[in-house]
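Enquirer: Kindly generate the complete structure, drawing on both the sequences and the hints.
In order, the protein sequences belong to chains A and B. Going by our numbering, the first residue of the first sequence is number 1, and it counts up by one from there. Going by our numbering, the first residue of the second sequence is number 318, and it counts up by one from there.
You can take every hint at face value.
Calculated pairs, SDA-like style, for lysine to any residue (alpha carbon to alpha carbon, straight line, at most 20 Å):
no., chain 1, residue 1, chain 2, residue 2
1, B, K458, A, D129
2, B, K458, A, G211
3, A, K102, B, I504
4, A, K174, B, S774
5, B, K745, B, G735
6, A, K170, A, P231
7, A, K102, B, R509
8, A, K53, B, S371
9, A, K102, B, M507
10, A, K281, B, P662
11, A, K102, B, L510
12, A, K26, A, D264
13, A, K281, B, L658
14, A, K281, B, S371
Derived from the structure by calculation, the hints contain no laboratory data.
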Amino acid sequence: MMRVLLAAAAAVLVAGSAWAQAFPTKAVTMVVPWPAGGSTDIAMRALAEASQKHLGQPIVIDNKPGASGTLGPATMAATAKPDGYTVAQMPITVFRLPYMQKTVFDPAKDFTYVIHITGYTFGVVVKADSPHKTFQDLMTFAKDNPGKVTYATPGAGTSLHITMEQIALKGGFKWTQVPFRGGAETSAAVLGGHVVATADSTGWAPLVNAGELRLLVTWGATRTKNWPAVPTLRETGIDMVSNSPFGIAGPKGMDPKAVQVLHDAFRKGMQEPSYLAAIEKLDMANDYMNTADYAKYVLAKIAEEKDIIEKLGLAQK
Amino acid sequence: MDLLSDLALGFSVALQPINLLYCFLGVFIGTLIGVLPGIGPVAAMSLLLPVTFSITPEAAIIMLAGIYYGSMYGGSTTAILVNIPGEAASVVTCLDGYQMARQGRAGPALGISAFGSFIAGTLAIVGLMFLAPSLARFAVKFGPAEYFSLMVLGLSILVYLSHGSLLKALAMAAVGLVLGLIGIDQINAMPRLTFGQLELVDGLGLVPLVMGLFGVAEILVNLERRVVREVFDTKLGSLLPTRQDWRESAAPIARGSVLGFLLGILPGGGAVLSSFISYAMEKRLARAPESFGKGAIAGVAGPESANNAAAGGGFIPLMTLGIPPNVVMALLLGAFIVHGLQPGPLLIVQKPDLFWGIVASMYIGNVMLLVLNLPLIGIWVQVLRVPYAILFPLILLFCIIGVYSVSNAIFDIYLMLGFGVLGYVMKKIGYEPAPLVLAFVLGPLLENNLRKALILSQGEFATFVTRPISAVCLAIAFVLLISPLLPRLRQRREELAKEE
Chain A
1 MMRVLLAAAA AVLVAGSAWA QAFPTKAVTM VVPWPAGGST DIAMRALAEA SQKHLGQPIV
61 IDNKPGASGT LGPATMAATA KPDGYTVAQM PITVFRLPYM QKTVFDPAKD FTYVIHITGY
121 TFGVVVKADS PHKTFQDLMT FAKDNPGKVT YATPGAGTSL HITMEQIALK GGFKWTQVPF
181 RGGAETSAAV LGGHVVATAD STGWAPLVNA GELRLLVTWG ATRTKNWPAV PTLRETGIDM
241 VSNSPFGIAG PKGMDPKAVQ VLHDAFRKGM QEPSYLAAIE KLDMANDYMN TADYAKYVLA
301 KIAEEKDIIE KLGLAQK
Chain B
318 MDLLSDLALG FSVALQPINL LYCFLGVFIG TLIGVLPGIG PVAAMSLLLP VTFSITPEAA
378 IIMLAGIYYG SMYGGSTTAI LVNIPGEAAS VVTCLDGYQM ARQGRAGPAL GISAFGSFIA
438 GTLAIVGLMF LAPSLARFAV KFGPAEYFSL MVLGLSILVY LSHGSLLKAL AMAAVGLVLG
498 LIGIDQINAM PRLTFGQLEL VDGLGLVPLV MGLFGVAEIL VNLERRVVRE VFDTKLGSLL
558 PTRQDWRESA APIARGSVLG FLLGILPGGG AVLSSFISYA MEKRLARAPE SFGKGAIAGV
618 AGPESANNAA AGGGFIPLMT LGIPPNVVMA LLLGAFIVHG LQPGPLLIVQ KPDLFWGIVA
678 SMYIGNVMLL VLNLPLIGIW VQVLRVPYAI LFPLILLFCI IGVYSVSNAI FDIYLMLGFG
738 VLGYVMKKIG YEPAPLVLAF VLGPLLENNL RKALILSQGE FATFVTRPIS AVCLAIAFVL
798 LISPLLPRLR QRREELAKEE
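Expert: As structure tokens, this is what we get:
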């Protein structure tokens, strides 16, 4: 009996190591939970293209949009084998949605986190002829006129909405969110004078560059490459960074060796000029974290999101 | 003079052999995907986007744009032949186009929609050239209050969509409104009517709904009819619209073009809304409104022109403000960005060759489409001779592929089949699907804009009548709603007068 068990254990070990050496032997599927052609999709396609030569196998993009970017990771967690051949882009909504509504996944337990990649550039714009010259002006005005400052976001519960409310909470004032459907409408709303300000990712760029809109603040850790004259949120006295960072994860229980192989391939891909050129056009900046750091970061992020959602009164009842 | 030299510059770009080739490729692919039900321009463009990485920006945008307006040509084909709208904007084309086909007039129906599309497409480009900057300025004046009133106007045309009972049409509209509620509520980010299903969180897809209610339902109804094959015989001589057809279609094409162009500029559902409104307008203005729904050519010519003009109008906010008014334009924006270009107020100034090259390519593309589509009519009409036993499984297959290609979700295929059964039952008991589709499209926009407008006005309902554009829309809607009652009132008054 003992011998059989030992033999079985040995067989598993041998098979295991042989498998790990061979990984990957076929194409890896990357689930992108956003529609094809959007900024996240373009970035992930560029990364897949740049990383696959380092991986030695093609990386195939599978667009599974839905449920604010959680449908893809949720489906992967529920159905894919943790063999390293299926990974997904992990938007921040994966950590946030479980506190806003009932979800079928647990972000702390259902995923194996591989690598952290990048985040978006967010900023607040007003019309060029607006009396609010700086972000401080806008906040002061909001303090003096509670609720009178209206701001457009691409949707309720987005990072844009959450961060604007956090700013108000820190500053001890109130402003009014007007959630639009997706990014495109927010620029039109502020340009047409329907809202005082718009908080969004860089969809406002052409209008800012043309002098039609004024960019008051960006939310990254450092000033942006494209608009170096515009201060960060920290410089305006609000100690916050908001860029909706994202990385890559697989289903729970992945072999650490496969994780290592994938991590190394993506790490090298992130240094390829073709990838760097693509994300620069999208105003994204490299924000690399290794597997261990990313996993730790995720746990902290989950706790943070829970806290914010409860504070803002957005938690599910 | 400036315009002429700009246009000359544009044609010098568009007429380069390589750009001509990509223009042709674009409109050809567009025609194909327009004909295939379900597979819309979005799926095709996103699949081809990575392919364009290696070609010049001009060629890439010319091809992708060609796919879009090309698909608007093809969308009417299946609507007319087998009562399946190729895309949402062709839903109304089913109403009279399919009836024309059943009367053996598939040729003229296809012909007038090709000519109408050509005329409207060309007019839209002229509008794009002359009016782009000023119209874009006007479009941003539309805030939540204005959109709300526009949607009310859109819904009020329900009265004209039904050719049976008004009560039944309103009942269907109510069902459409409820179906439109499914998913995350845009204002509070709370899920509604999702029953804990992850697939329902983003709401129901328009494509499975339309394919099911029209396509699958039509197949089910026909299966029941067994061998009683309707005579769809079309004589070769009657492939093109007659002089009489032209006389009846000229004004609807002109009106549809202007209407579609204006609505296409506005974000959200422009093409769909414009085709519905055009249909209602033609029915209202027609000398014989009772012929609508029974194969009136004006009911094909107007909406088909409107949705093509809307496709052209959609380029205006994208190219002049960098604001995409619909999903297709958002994809095109992605293509611009990938190629290192930033559409916006500076595009015409910084890249005149690109801007005018695209505009010029649209003229060329529209001519190509007309040349491509007219000979195809003869072939399409032959489709009607294919035995049902072969045709129906093929249509079903294309519907399934089409629906799956939009979302990559098996769930949507089940959804389509479910709506197919619902559509079958509705047909059986005399309820029409068109009002349901219209309400489904407009409902979420109506609610969202109502609530946003009230957030902005701090709860003041007066905002809808004090803002001029909004007030005008509401006034027209009011007139539309009470006008069917007026003749009856007048009649009644006359009767009273006689008695006295």
